[in-house]
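Undergrad: Next come the chains, spelled out residue by residue.
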Amino acid sequence: MDKSRIDPLKLAGAKPKGKRPYFLKDPDVERVLAVTMAIAQELAVVRERMDTVERILEDKGSLTQADIETYVPPKPIAEERGAWTQEYLARIMRIYQQEIEGLNTPDEPTSEDIGHELAQDE
Amino acid sequence: MSDTRNYDGPPDYRNVGLHGMSPETTHDEKARFNFLAHLNRHLASNVLPGVKKAYETRVAPHQPKPNHRNQVRKQLLQDPLFQHWSALRRGTMELRQQAGRWVTLRQAESLNSKAENLTKEDPRLVLNPDLKIPNYLAKIDHHCMPGSYHDEIVPGDVTGAANYDVGIFVTTGGGLGRFSDGGGEAVVAWMKKNRPNFAPKRILDIGGGLGQNVVPIAKAYPDAEVVCVDTGAPVLRYGLARAKTMGVDNITFVQANAEDLSMYPDGHFDWVQSTMFLHETSVKSMPRIMKESHRLLAAGGLVMHVEQPQYAPDMPLYEQAIRDWDAFYNNEPFWTKLHELDLDQWMVDAGFDRDELLHGGVAAVVDSELFPEHANDDVEDYGRKAAWHIIGAEKKAA
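Just so you know, the sequences run in chain order A and B.
Here the first sequence is numbered in the UniProt record's numbering, starting from 1 and rising by one per residue.
Here the second sequence is numbered in the UniProt record's numbering, starting from 1 and rising by one per residue.
Mixed in with the good hints there might be a few duds.
Between beta-carbon pairs, the in silico distance windows are [to be verified]: (1) B:Pro123 with A:Gln97: 24 to 30 Å; (2) A:Glu99 with B:Lys337: 44 to 50 Å; (3) A:Gln65 with B:Lys284: 28 to 34 Å; (4) A:Lys25 with B:Glu152: 36 to 42 Å; (5) B:Ser22 with A:Glu87: 27 to 33 Å; (6) A:Glu87 with B:Asp314: 49 to 55 Å; (7) A:Asp7 with B:Arg354: 21 to 27 Å.
Residues from chain B that face chain A, not an exhaustive set, calculated with beta carbons under 7 Å [stated by the list, open to error]: (8) Asn6; (9) His38; (10) Pro146; (11) Thr245.
Calculated from the structure, these hints are not laboratory results.
All of these numbers come straight from a predicted model, not from anything done at the bench.
For glycine and all other residues, C-beta sits at the position ideal for the given N, C-alpha and C.
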């Protein structure tokens with residue numbers, strides 16, 4: 001096989017055929033959102049690796065690269081890690097959670113509104 | 001201190017079933033798939049319900065009453081929550097493709113030579129290099145998957161197929177089971193329950209790709225000769241290699257267009273089936289595919305197509321608009337049209353009598369110890385939920 005023809009780094013991120021849709025009012029914001037989520041992904045990867053390292057060290061007191069690569073979390077540990085990822089995502093996606101909660105009270109006054117109201121009370 | 005909630009999320013990627021063609025994955029690559037499966041689940045279970053609420057509370061009341069799902073979609077496009085959910089969902093699909101492609105492309109040489117060694121001179125791989133890839137597949141890369149099912153970066157390439165195989169876990173949040181074959185397992189369970197005495201001698205799976213759904217069928221009917229037809233050489237090559245390493249030896253993978261299977265005589269198959277395939281075709285090709293299926297079916301045989309539910313009049317327009325998302329924003333262009341067609345009529349036009357038609361519903365059958373049973377849970381990832389409808393027909397015995 002002609003190895004020079006496959007460049008995994010370049011090809012992994014290749015654009016699919018078909019024009020990309022943009023959804024946000026400002027496409028630049030969408031670009032930044034895409035970069036942010038890719039970084040969030042990589043931070044989750046580092047966190048999972050750190051968790052693996054900690055658990056192996058706790059069990060064995062030492063570790064090798066191979067121990068990390070072949071580590072398979074038993075079910076309760078896998079679930080603990082899954083729950084951590086859910087919590088992590090809940091933190092990152094908080095702005096959406098609060099916007100959704102706000103949909104229940106569309107006429108909620110702002111602090112400024114309440115300030116005016118309280119001033120009139122005096 | 002650890003979390004005390006009952007965990008209901010995706011399983012660890014390390015639970016995915018391995019076979020002889022599975023790409024190797026490093027610790028961090030597995031972690032990346034884990035994160036992306038969670039992100040998909042988060043978007044479906046935490047953000048998407050908010051999109052519905054936003055539609056009901058701040059979009060619909062201020063817009064003319066829509067009479068078509070496209071109007072709902074255009075109204076939704078103005079809402080910031082729909083915009084963000086869409087941007088994140090599209091971005092997640094792109095991250096998933098990149099993650100899977102990185103895994104498979106960095107080991108392209110070993111994957112391709114493994115496939116070559118497993119399939120070389122095997123009569124169960126029948127390729128046709130002269131086959132024209134139909135326009136509906138050539139014009140766009142389905143699911144934002146660069147190269148789609150058919151492109152080869154180098155001769156003998158199977159990396160695209162391997163990428164598809166490793167990535168389904170992410171898109172469905174682990175909902176299709178160990179071997180991503182929950183659809184095929186569901187079809188088998190339906191047949192065993194509803195047609196317990198059916199003993200097909202020859203089975204045809206059309207648009208079967210790398211065969212992940214036909215493998216459980218071939219296993220359930222070990223005496224049957226199974227043919228998996230697809231237009232893409234890489235998926236077929238990978239599919240045969242994959243099936244062999246799983247100990248399944250009764251499937252032949254044939255490169256052909258399901259619109260013309262004239263190499264098989266009339267009535268050759270006792271069972272013709274497809275799983276999540278029709279939406280990747282076109283209005284022009286569908287009648288030809290259905291006619292071929294009718295022609296190829298033996299008297300007393302059964303044809304069965306598994307698809308996401310149709311846009312029936314009683315399906316709310318909002319739900320239709322969300323189900324359409326993949327058609328417009330995830331490169332599945334025929335999805336929207338297919339789901340509004342009167343499939344019964346198309347089956348009748350293909351030659352079946354109306355009283356031969358059959359309908360049913362199936363949900364992914366997966367190992368519930370390790371995998372959450374998506375079909376029974378509350379998370380509705382419209383259009384991607386592992387619950388499907390069956391449209392089929394039984395040809396009367398002569």
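Undergrad: Each hint needs a verdict: does it hold in this structure or not?
TA: A quick look at each hint next to the structure:
The beta-carbon spacing between Pro123 of chain B and Gln97 of chain A, approximately 57 Å, falls outside the hinted interval of 24 to 30 Å. For the pair Glu99 of chain A and Lys337 of chain B, the supplied restraint of 44 to 50 Å is violated, since their beta-carbon distance comes to about 33 Å. Judged by the Cβ atoms, the range 28 to 34 Å given for Gln65 of chain A and Lys284 of chain B is violated: they are separated by roughly 54 Å. Taken as a hint, the range 36 to 42 Å holds for the pair Lys25 of chain A and Glu152 of chain B, whose Cβ atoms sit roughly 40 Å apart.
Separated by about 30 Å at the C-beta atoms, Ser22 of chain B and Glu87 of chain A satisfy the suggested range of 27 to 33 Å. Taking the beta carbon of each, Glu87 of chain A and Asp314 of chain B are about 39 Å apart, not inside 49 to 55 Å as hinted. For Asp7 of chain A and Arg354 of chain B, the hinted distance range of 21 to 27 Å is not satisfied, since their beta carbons lie about 55 Å from each other. Because the beta carbon of Asn6 of chain B sits about 9 Å from the nearest beta carbon in chain A, more than 7 Å, this interface hint is broken.
Proximity of His38 of chain B to chain A holds as hinted, the smallest CB-CB distance being about 5 Å (cut-off 7 Å). Given hint, Pro146 of chain B at the interface with chain A, holds; its Cβ is 4 Å from that chain's nearest Cβ, closer than 7 Å. The interface hint given for Thr245 of chain B is violated, since its Cβ lies 20 Å from the closest Cβ of chain A, which is over the 7 Å cut-off.
The structure does not agree with the numbered hints 1, 2, 3, 6, 7, 8, 11 stated previously, though it agrees with the rest.
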